[in-house]
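Engineer: Start counting the sequence shown at 183; every next residue gets the next number (the numbering used here).
Please note that the accuracy of each hint is not assured.
[Claimed, not checked] Using C-beta positions, here's what the derived DEER-type ranges look like:
#1 K322 / K290: 41 to 47 angstroms
#2 G330 / K250: 40 to 46 angstroms
#3 P350 / P237: 36 to 42 angstroms
#4 R373 / K290: 24 to 30 angstroms
#5 P350 / R373: 20 to 26 angstroms
[What the hints assert, rightly or not] Calculated pairs, DMTMM-like style, for lysine to aspartate or glutamate (alpha carbon to alpha carbon, straight line, at most 25 angstroms):
#6 K351 / E253
#7 K265 / D224
#8 K351 / D223
#9 K252 / E268
#10 K290 / E211
#11 K334 / E291
#12 K322 / D361
#13 K322 / E291
What the hints contain is simulated information worked out from the structure, not anything from laboratory work.
All residues carry an ideal CB built from backbone N, CA and C; glycine is no exception.
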Amino acid sequence: MLNILIVEDDITIRELLNYNLKNTYKIFEASSAEEALELCDDHSIHLILLDWMLPEMSGLSFLRTIKKQKENLNIPVIFVTAKEEEADKITGFNSGADDYITKPFSHKELLARVEAVLKRSYPSLFFNKLSYDNIELHLKTHRVYRNGNQVKLSPREYELLLYFMTNPKLVFSREQLLDKVWGLESDIEIRTVDVHIRRLRKAINIENSREIIRTVRSTGYSLD
């Protein structure tokens, strides 16, 4: 069973979230960011539902803190908050949030968004294989095929392709790819992303296959 941490100072909302999720997931609760940090250190957390307006340390500060911790930076985070301005959402996403739910929310929306983020973050727990166009990525064996032909990839190229295939058609900046594949605190230079994208393209573009990784000018890359 996957572990979800609810970080919310409003006990009514915390209990509502717990009630909606407890039949499918193991739930941990924290009423402050400080308590949540301790729970992340003591338990294997697979997803965090995070309120923005917390006492003392805000939810945004908490998010930025865990994204600097090697052991916690890959935990997906969904903001569950009353802050609904577009600028707040952009700030949340740029700080590493994986999704954003505004209050009030429905039971079905909550479950759907939680499941979607978990599937993107831990595809091997839900699928044996990912497919896009004529590319197949086998999660158990880490083998990649295009048009039925096996493609040899380095571990980093595989991780890049896996991230693209779990988020098809979305555009990612170089900084976002560096965060998700190398880690936010990595000493790797940003241009290393371009180098690995170039190598990945060369590896998967076999037998005159069409280009499937699109460069978005002044923005980044997309599987499209």
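Engineer: Does each hint fit the structure? Answer for all of them.
Structural biologist: Comparing the hints with the structure gives:
About 31 angstroms separates the C-beta atoms of K322 and K290, a value inconsistent with the hinted range of 41 to 47 angstroms. For G330 and K250, the hinted distance range of 40 to 46 angstroms is satisfied, since their beta carbons lie about 43 angstroms from each other. Between P350 and P237 the beta carbons are some 39 angstroms apart, a value that agrees with the proposed interval 36 to 42 angstroms. Distance hint check for R373 and K290: the Cβ-Cβ separation is about 43 angstroms, which falls outside the suggested range of 24 to 30 angstroms.
P350 and R373 have their C-beta atoms about 25 angstroms apart, which keeps the hinted 20 to 26 angstroms range intact. Using a Cα cut-off of 25 angstroms, the hinted pair K351 and E253 is violated, with the two alpha carbons roughly 29 angstroms apart. With a CA separation close to 30 angstroms, the supplied pair K265 and D224 exceeds the 25 angstroms bound. With a C-alpha separation of about 34 angstroms, the suggested pair K351 and D223 falls outside the 25 angstroms cut-off, and the hint is violated.
The hinted pair formed by K252 and E268 fails the criterion: a straight-line CA distance of about 29 angstroms is larger than 25 angstroms. Taken as a hint, the K290 and E211 pair is honoured in the structure, with Cα atoms around 21 angstroms apart against an allowance of 25 angstroms. Proximity of K334 to E291 is assessed by CA-CA distance (about 39 angstroms); at most 25 angstroms being required, the pair is judged violated. The hinted pair formed by K322 and D361 meets the criterion: a straight-line CA distance of about 24 angstroms does not exceed 25 angstroms.
The straight-line distance between the Cα atoms of K322 and E291 is roughly 30 angstroms, outside the 25 angstroms bound, and the hint therefore fails.
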